[in-house]
Amino acid sequence: MAITSVDINKAELNQAKRLAGTSSTRETVDLALRILIAVRQQPAVVERIISRSFEPSQIDAPTISPIADAPPAGRTPPPRAVSE
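Count along the sequence shown from 1, then add 33; that gives the number in the working numbering.
Read the hints as simulated data drawn from the structure, not as lab findings. Honestly, I wouldn't trust all of these hints.
Lysine to any residue pairs mimicking SDA-like chemistry, simulated, CA-CA at most 20 Å apart [as the list claims (entries may be wrong)]:
#	residue 1	residue 2
1	Lys50	Val62
2	Lys50	Gln74
3	Lys43	Ala65
4	Lys50	Ile68
5	Lys43	Ser56
6	Lys43	Arg59
7	Lys43	Ser57
8	Lys50	Asp63
9	Lys50	Arg85
10	Lys50	Val78
11	Lys43	Thr58
12	Lys43	Val62
13	Lys43	Leu66
14	Lys43	Ala53
15	Lys43	Asp63
16	Lys50	Asp40
17	Lys43	Gly54
18	Lys50	Val39
19	Lys50	Arg67
20	Lys43	Thr55
21	Lys50	Gln75
22	Lys43	Ala71
Label-pair restraints from in silico Cβ distances [to be verified]:
#	residue 1	residue 2	range
23	Ser98	Leu64	37 to 45 Å
24	Glu60	Arg81	29 to 37 Å
25	Thr58	Ser98	44 to 52 Å
26	Arg73	Arg51	33 to 41 Å
27	Leu66	Ala101	39 to 47 Å
28	Ala94	Val62	42 to 50 Å
Where a beta carbon is used, it is the ideal one built from N, C-alpha and C, also for glycine.
Please take these sequences and the hints and turn them into a complete structure.
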């Protein structure tokens, strides 16, 4: 990792830390860089998704309905109240 020295507006840095929930300048700058890269790459990703071609079998696939009591994927359902 490169060591770089930059002048950063202290008020903006403190505001960025509060908004990001970060405590160090390094952590704040790292997060800001990752967010900037992701935001700037989004249009290209959207264009790739739009330009995809689908087979008729993919378009006409049956709709999957979620089960009413099922928790979202990857989550454990909350414990149910026990009635005595």
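These are the hints, each one checked on the structure:
Taken as a hint, the Lys50 and Val62 pair is honoured in the structure, with Cα atoms around 9 Å apart against an allowance of 20 Å. Of the supplied pair hints, the one linking Lys50 and Gln74 is violated, its CA atoms being roughly 24 Å apart against a limit of 20 Å. A hinted pair counts as satisfied when its Cα atoms are at most 20 Å apart, and Lys43 with Ala65 qualifies at roughly 15 Å. Taken as a hint, the Lys50 and Ile68 pair is honoured in the structure, with Cα atoms around 14 Å apart against an allowance of 20 Å.
The hinted pair formed by Lys43 and Ser56 meets the criterion: a straight-line CA distance of about 14 Å does not exceed 20 Å. A hinted pair counts as satisfied when its Cα atoms are at most 20 Å apart, and Lys43 with Arg59 qualifies at roughly 13 Å. For the hint linking Lys43 to Ser57, the alpha-carbon distance of about 12 Å falls within 20 Å, and the restraint holds. Taken as a hint, the Lys50 and Asp63 pair is honoured in the structure, with Cα atoms around 11 Å apart against an allowance of 20 Å.
Taking the CA atoms of Lys50 and Arg85, the gap is about 39 Å. The hint is violated against a cut of 20 Å. Pair hint Lys50 plus Val78 does not hold up; C-alpha atoms about 28 Å apart against a cutoff of 20 Å. Between Lys43 and Thr58 the CA atoms are separated by roughly 10 Å; this keeps the pair inside 20 Å, and the hint holds. Taken as a hint, the Lys43 and Val62 pair is honoured in the structure, with Cα atoms around 13 Å apart against an allowance of 20 Å.
For the given pair, Lys43 sits about 17 Å from Leu66 by alpha-carbon distance, which is consistent with the 20 Å threshold. A threshold of 20 Å between alpha carbons decides the hint, and for Lys43 with Ala53 the separation of about 15 Å falls inside it, so the pair holds. Taken as a hint, the Lys43 and Asp63 pair is honoured in the structure, with Cα atoms around 16 Å apart against an allowance of 20 Å. A distance of roughly 16 Å separates the Cα atoms of Lys50 and Asp40; the hinted pair therefore holds under the 20 Å criterion.
Simply put, Lys43 and Gly54 have alpha-carbon atoms about 16 Å apart, close enough for the 20 Å limit, and the pair holds. Distance restraint check for Lys50 and Val39: the Cα-Cα separation of roughly 17 Å lies within the 20 Å cut-off, and the hinted pair is therefore satisfied. Of the pairs offered as hints, the one joining Lys50 and Arg67 holds, with about 15 Å between alpha carbons and a cut-off of 20 Å not exceeded. About 14 Å separates the Cα atoms of Lys43 and Thr55, which keeps this hinted pair within 20 Å; it holds.
For a cut-off of 20 Å, the pair hint linking Lys50 to Gln75 is broken: about 24 Å separates their Cα positions. For the proposed pair Lys43 and Ala71, the alpha carbon gap of about 25 Å is over 20 Å, so the pair is violated. A hinted range of 37 to 45 Å for the beta carbons of Ser98 and Leu64 is consistent with their spacing of about 38 Å. Between Glu60 and Arg81 the CB atoms are about 31 Å apart, so this pair conforms to the stated range of 29 to 37 Å.
The hinted window of 44 to 52 Å between Thr58 and Ser98 holds, with their beta carbons roughly 49 Å apart. Between Arg73 and Arg51 the CB atoms are about 24 Å apart, so this pair departs from the stated range of 33 to 41 Å. For the pair Leu66 and Ala101, the beta carbons lie near 43 Å from each other, so the given range of 39 to 47 Å is met. Under the hint 42 to 50 Å, the C-beta atoms of Ala94 and Val62, about 44 Å apart, fit the expected range.
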